[in-house]
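Make the full structure from the sequences, and use the hints.
Number of protein chains: 4
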Amino acid sequence: MKLKLQEPIIIVNFKTYLESTGNRALKLAKQAEKASNKTGVQIVISPQFVDIGIIAKEVEIPLLSQHIDAINPGSHTGHVLAASIKESGAIGTLINHSERQLKLSEIDTIIDITKKHNLISCACVNNPSVSSAVSALDPDIVSIEPPELIGTGIAVSKAQPEIITNTVELVKKINKRPVILCGAGISKPEDVAAAIKLGTNGILVASAIVKAKNPYDLLLKFAETTKIP
Amino acid sequence: MKLKLQEPIIIVNFKTYLESTGNRALKLAKQAEKASNKTGVQIVISPQFVDIGIIAKEVEIPLLSQHIDAINPGSHTGHVLAASIKESGAIGTLINHSERQLKLSEIDTIIDITKKHNLISCACVNNPSVSSAVSALDPDIVSIEPPELIGTGIAVSKAQPEIITNTVELVKKINKRPVILCGAGISKPEDVAAAIKLGTNGILVASAIVKAKNPYDLLLKFAETTKIP
Amino acid sequence: MKLKLQEPIIIVNFKTYLESTGNRALKLAKQAEKASNKTGVQIVISPQFVDIGIIAKEVEIPLLSQHIDAINPGSHTGHVLAASIKESGAIGTLINHSERQLKLSEIDTIIDITKKHNLISCACVNNPSVSSAVSALDPDIVSIEPPELIGTGIAVSKAQPEIITNTVELVKKINKRPVILCGAGISKPEDVAAAIKLGTNGILVASAIVKAKNPYDLLLKFAETTKIP
Amino acid sequence: MKLKLQEPIIIVNFKTYLESTGNRALKLAKQAEKASNKTGVQIVISPQFVDIGIIAKEVEIPLLSQHIDAINPGSHTGHVLAASIKESGAIGTLINHSERQLKLSEIDTIIDITKKHNLISCACVNNPSVSSAVSALDPDIVSIEPPELIGTGIAVSKAQPEIITNTVELVKKINKRPVILCGAGISKPEDVAAAIKLGTNGILVASAIVKAKNPYDLLLKFAETTKIP
Numbered sequence: 001m002k003l004k005l006q007e008p009i010i011i012v013n014f015k016t017y018l019e020s021t022g023n024r025a026l027k028l029a030k031q032a033e034k035a036s037n038k039t040g041v042q043i044v045i046s047p048q049f050v051d052i053g054i055i056a057k058e059v060e061i062p063l064l065s066q067h068i069d070a071i072n073p074g075s076h077t078g079h080v081l082a083a084s085i086k087e088s089g090a091i092g093t094l095i096n097h098s099e100r101q102l103k104l105s106e107i108d109t110i111i112d113i114t115k116k117h118n119l120i121s122c123a124c125v126n127n128p129s130v131s132s133a134v135s136a137l138d139p140d141i142v143s144i145e146p147p148e149l150i151g152t153g154i155a156v157s158k159a160q161p162e163i164i165t166n167t168v169e170l171v172k173k174i175n176k177r178p179v180i181l182c183g184a185g186i187s188k189p190e191d192v193a194a195a196i197k198l199g200t201n202g203i204l205v206a207s208a209i210v211k212a213k214n215p216y217d218l219l220l221k222f223a224e225t226t227k228i229p
Numbered sequence: 001m002k003l004k005l006q007e008p009i010i011i012v013n014f015k016t017y018l019e020s021t022g023n024r025a026l027k028l029a030k031q032a033e034k035a036s037n038k039t040g041v042q043i044v045i046s047p048q049f050v051d052i053g054i055i056a057k058e059v060e061i062p063l064l065s066q067h068i069d070a071i072n073p074g075s076h077t078g079h080v081l082a083a084s085i086k087e088s089g090a091i092g093t094l095i096n097h098s099e100r101q102l103k104l105s106e107i108d109t110i111i112d113i114t115k116k117h118n119l120i121s122c123a124c125v126n127n128p129s130v131s132s133a134v135s136a137l138d139p140d141i142v143s144i145e146p147p148e149l150i151g152t153g154i155a156v157s158k159a160q161p162e163i164i165t166n167t168v169e170l171v172k173k174i175n176k177r178p179v180i181l182c183g184a185g186i187s188k189p190e191d192v193a194a195a196i197k198l199g200t201n202g203i204l205v206a207s208a209i210v211k212a213k214n215p216y217d218l219l220l221k222f223a224e225t226t227k228i229p
Numbered sequence: 001m002k003l004k005l006q007e008p009i010i011i012v013n014f015k016t017y018l019e020s021t022g023n024r025a026l027k028l029a030k031q032a033e034k035a036s037n038k039t040g041v042q043i044v045i046s047p048q049f050v051d052i053g054i055i056a057k058e059v060e061i062p063l064l065s066q067h068i069d070a071i072n073p074g075s076h077t078g079h080v081l082a083a084s085i086k087e088s089g090a091i092g093t094l095i096n097h098s099e100r101q102l103k104l105s106e107i108d109t110i111i112d113i114t115k116k117h118n119l120i121s122c123a124c125v126n127n128p129s130v131s132s133a134v135s136a137l138d139p140d141i142v143s144i145e146p147p148e149l150i151g152t153g154i155a156v157s158k159a160q161p162e163i164i165t166n167t168v169e170l171v172k173k174i175n176k177r178p179v180i181l182c183g184a185g186i187s188k189p190e191d192v193a194a195a196i197k198l199g200t201n202g203i204l205v206a207s208a209i210v211k212a213k214n215p216y217d218l219l220l221k222f223a224e225t226t227k228i229p
Numbered sequence: 001m002k003l004k005l006q007e008p009i010i011i012v013n014f015k016t017y018l019e020s021t022g023n024r025a026l027k028l029a030k031q032a033e034k035a036s037n038k039t040g041v042q043i044v045i046s047p048q049f050v051d052i053g054i055i056a057k058e059v060e061i062p063l064l065s066q067h068i069d070a071i072n073p074g075s076h077t078g079h080v081l082a083a084s085i086k087e088s089g090a091i092g093t094l095i096n097h098s099e100r101q102l103k104l105s106e107i108d109t110i111i112d113i114t115k116k117h118n119l120i121s122c123a124c125v126n127n128p129s130v131s132s133a134v135s136a137l138d139p140d141i142v143s144i145e146p147p148e149l150i151g152t153g154i155a156v157s158k159a160q161p162e163i164i165t166n167t168v169e170l171v172k173k174i175n176k177r178p179v180i181l182c183g184a185g186i187s188k189p190e191d192v193a194a195a196i197k198l199g200t201n202g203i204l205v206a207s208a209i210v211k212a213k214n215p216y217d218l219l220l221k222f223a224e225t226t227k228i229p
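Chains as they are written, first to last, in our numbering: chain A, 1 to 229; chain B, 1 to 229; chain C, 1 to 229; chain D, 1 to 229.
Heads up, some of the hints might be wrong.
No distinction is drawn between identical chains; accordingly, a pair holds when it is met within one copy or between any pair of copies.
[Said to hold, decoys possible] Taking lysine-lysine pairs in the PhoX-like style, the calculated list, with each CA pair at most 25 Å apart, reads:
(1) Lys211 with Lys103
(2) Lys30 with Lys221
(3) Lys213 with Lys30
(4) Lys227 with Lys213
(5) Lys103 with Lys116
(6) Lys188 with Lys158
(7) Lys116 with Lys211
(8) Lys221 with Lys4
(9) Lys103 with Lys57
(10) Lys211 with Lys57
(11) Lys115 with Lys176
(12) Lys173 with Lys103
(13) Lys173 with Lys115
(14) Lys34 with Lys4
(15) Lys172 with Lys4
(16) Lys197 with Lys27
Just so you know, these hints were derived from the structure itself, not from any lab.
Here is the structure:
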């Protein structure tokens with residue numbers, strides 16, 4: 001059975017930073033687990049493909065792959081198979097991250113594949129109109145990240161709140177099921193608070209945590225902030 | 001220091017077959033190791049990204065990734081970082097497999113990256129003229145695989161020997177350093193023998209081994225065949 | 001002002017057949033114009049980029065480009081600019097044809113660009129769920145073409161009518177505005193009749209017309225068939 | 001028979017600037033023709049696909065397409081067919097421009113296609129090692145353009161002369177046939193002079209000419225400069 005994620009959700013995208021590769025990825029994963037245990041808030045990590053198997057053996061918080069390909073088992077050298085990330089311990093995958101954008105028909109196929117494998121699908125979108133399109137494909141999670149803010153430290157939830165409110169409205173109009181997250185520039189607890197107030201169910205965060213001096217401390221603060229009513 | 005591969009070389013490409021995913025990948029890796037130990041022939045395996053770490057811990061034969069991306073560490077969600085496959089235990093990577101073809105400038109960048117990380121680069125090509133182009137970029141290995149024969153059981157070394165002899169000639173004219181392998185349709189020991197006779201230093205094989213009833217037995221035969229003078 | 005297309009609509013996609021290149025493209029365009037004039041049915045042609053300008057000078061039926069890129073004017077060597085196809089005489093463009101699939105965010109950007117340039121957008125989709133996703137982006141036309149039937153002579157409207165009825169239903173649920181066409185395998189007047197009966201507003205056709213012995217005659221029959229109530 | 005280009009060569013890449021679209025493209029083409037006639041220097045223009053046919057009817061200087069696809073005639077909606085650009089009046093094509101990069105096997109296929117159609121192939125490369133790789137595929141022209149300088153006004157021939165001399169050396173070592181051009185940042189006559197002195201046979205230029213107040217005057221100066229021994 002597919003793991004049900006408890007909201008609010010904080011997803012930490014490890015990307016391909018050196019700070020979140022190999023042993024350092026494992027160490028970061030354990031800090032995320034500790035922060036999740038301490039606060040009771042659902043923290044999900046998304047490490048690099050290569051690190052999924054080792055990390056999944058060592059932590060109990062959920063893991064998402066950063067991508068899977070729109071393929072069935074077969075002759076697809078260099079691609080990422082749903083069955084492989086599942087057997088390694090991932091419970092789902094990011095899809096269409098702005099740094100790994102996909103053709104529309106691939107997104108459709110991948111969401112179908114996740115359903116067949118009982119994997120959680122987190123479809124990433126760059127703007128509200130794309131969020132409404134992707135909602136028609138019925139992913140479990142829609143995460144809005146304006147690419148121009150990624151890595152800037154300028155939080156979408158503070159700088160462009162209307163992007164989030166529009167996304168929430170457009171997604172709900174088409175499909176009430178997806179959990180809605182936001183990302184891009186989230187770096188302070190107040191950015192998290194703003195995201196929750198605007199109607200999201202959590203955040204997708206990367207460099208702020210991965211490159212933090214003390215990722216555990218910052219995750220604690222982020223997690224506590226999500227609880228504020 | 002970069003592991004020096006001893007010729008002849010048999011590379012087993014696990015692709016994304018279910019028979020070579022997760023636990024079954026590990027089992028296959030162990031059979032390859034056993035065949036290598038028994039024959040003294042260099043057998044190299046190329047499992048899926050997700051399986052590299054676990055397999056590298058359990059076997060002593062060399063592992064290649066099936067692909068890496070032309071990236072440096074940073075914001076590249078869903079991509080494959082050289083440092084990550086290296087830390088997991090791979091000693092190199094396939095590049096530009098016909099199922100994962102790359103832009104010319106990416107191949108150039110990736111070969112540079114492998115040199116910086118002391119990783120072995122195995123550049124795959126679809127025909128002799130492309131083999132000569134890629135040789136100018138100085139990969140460690142050039143592997144010729146006419147895509148129309150992949151998975152057919154019709155061996156390039158039997159059906160189109162001139163493709164191999166042309167490749168050997170064109171590569172040597174431009175760069176004497178690369179080891180030359182051939183693949184596509186290799187399914188019987190006699191295909192291996194033909195490849196060696198035509199001047200290659202070994203083979204790249206996938207479905208014939210991965211989907212064999214007894215991969216160990218077939219690898220034994222392939223390995224023994226490579227020794228025939 | 002954007003040309004308003006009158007329904008039913010027959011779009012003839014010239015693809016990159018030799019039979020619809022250069023002078024032969026112009027000849028075919030004139031036959032389409034003649035069939036349109038004779039029947040009063042809206043026939044739209046979609047020639048290759050290079051042929052748009054010459055054909056637009058010689059015929060009065062509407063022209064669509066086969067693709068435009070998600071770009072603004074600038075440094076984009078080898079790409080197709082909305083302003084260039086418009087100035088040459090096209091009144092719109094196909095988007096995301098199954099032979100020229102696009103990333104979701106590109107489809108979104110291109111539809112925006114067509115709106116800014118008063119160009120007609122015809123978004124092509126491969127299945128009903130993708131048709132619903134694309135409808136959220138508000139194209140003028142949605143054309144459903146299951147890629148596995150393209151060029152087969154097996155008409156989607158006869159072989160898989162449920163694909164069309166599902167598409168019509170899903171599109172309408174999300175956006176009542178788009179005109180709905182269907183394609184793939186349309187080769188006989190009865191295929192056209194079936195498409196209309198299933199609730200579409202016309203068809204997208206390619207090889208059946210382009211490679212017909214007498215394209216004018218077949219277009220006449222197709223056009224007459226669309227009028228049957 | 002393929003038009004033989006007389007060296008030195010100035011190629012003006014129209015890219016997708018508004019200043020070089022439609023009527024303005026035609027006007028610019030005529031200025032290029034006038035400058036070529038006045039100086040006797042070979043000026044070649046590379047307009048957008050859509051504009052090739054109209055311009056080729058109006059000027060007598062050679063035209064290159066900005067790109068063609070690695071396809072044969074057939075079902076390739078939205079692609080660019082060699083036969084179509086040839087019938088429209090182009091005598092060749094740019095290949096693999098840094099803004100339209102291609103897979104290695106595509107470059108190989110496209111150069112083959114140009115040979116079959118007696119079209120001139122101008123392969124663009126981003127650095128010296130890629131120039132040597134592409135030379136093995138035997139294009140008629142190799143044009144080196146470091147992408148980081150494109151559009152900067154900082155000329156490669158002044159800022160990084162070693163890139164050009166390395167390219168000339170590496171190309172010649174592999175294939176003596178290709179004409180060698182350089183581009184990126186060329187904006188003043190002295191940049192042209194530097195390029196010629198470094199051993200190239202001419203230049204590839206875009207924004208400096210397209211966006212010049214008086215493209216004719218600047219082309220005159222560029223052309224005269226190429227004559228300096």
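Do the hints match the structure? See the list:
In the homo-oligomer, the alpha carbons of lysine 211 and lysine 103 never lie at most 25 Å apart, since the shortest distance is 31 Å inside one protomer and 30 Å across protomers. In the homo-oligomer, the alpha carbons of lysine 30 and lysine 221 lie at most 25 Å apart inside one protomer (16 Å), although the nearest pairing across protomers, at 46 Å, exceeds that limit. In the homo-oligomer, the alpha carbons of lysine 213 and lysine 30 lie at most 25 Å apart inside one protomer (15 Å), although the nearest pairing across protomers, at 41 Å, exceeds that limit. Taking the closest pair of Cα atoms, lysine 227 and lysine 213 come within 25 Å of each other only inside a single copy of the chain (24 Å); across copies the shortest separation is 55 Å, beyond that limit.
For a Cα distance limit of 25 Å, the shortest separation of lysine 103 from lysine 116 qualifies both inside one copy, at 20 Å, and across copies, at 23 Å. For the homomeric pair lysine 188 and lysine 158, the shortest alpha-carbon distance inside one copy (10 Å) is at most 25 Å, but the shortest distance between copies (46 Å) is not. Taking the shortest Cα distances, lysine 116 and lysine 211 sit within 25 Å of each other only across copies (24 Å), while inside one copy they are farther apart (35 Å). In this homomeric assembly, lysine 221 and lysine 4 come within 25 Å of each other (Cα to Cα) only inside a single copy, at 24 Å, whereas the closest approach across copies is 49 Å.
For the homomeric pair lysine 103 and lysine 57, neither the shortest alpha-carbon distance inside one copy (33 Å) nor that between copies (35 Å) is at most 25 Å. In this assembly of identical chains, the alpha carbons of lysine 211 and lysine 57 lie at most 25 Å apart only when taken from the same copy (24 Å versus 28 Å across copies). Taking CA atoms no more than 25 Å apart as the test, lysine 115 paired with lysine 176 passes inside one copy only; the shortest distance there is 17 Å, against 29 Å between copies. Taking the closest pair of Cα atoms, lysine 173 and lysine 103 come within 25 Å of each other both inside a single copy (24 Å) and across two copies (23 Å).
With identical chains, the CA atoms of lysine 173 and lysine 115 are at most 25 Å apart both within one copy (22 Å) and between copies (23 Å). For a Cα distance limit of 25 Å, the shortest separation of lysine 34 from lysine 4 inside one copy, 20 Å, qualifies, whereas the shortest one across copies, 42 Å, does not. Proximity of lysine 172 to lysine 4 under the C-alpha cut-off of 25 Å is restricted to the intra-copy arrangement: shortest distance 20 Å within a copy versus 32 Å between copies. In this assembly of identical chains, the alpha carbons of lysine 197 and lysine 27 never lie at most 25 Å apart, being 31 Å within a copy and 51 Å across copies at closest.
The earlier numbered hints that this structure contradicts are 1, 9, 16.
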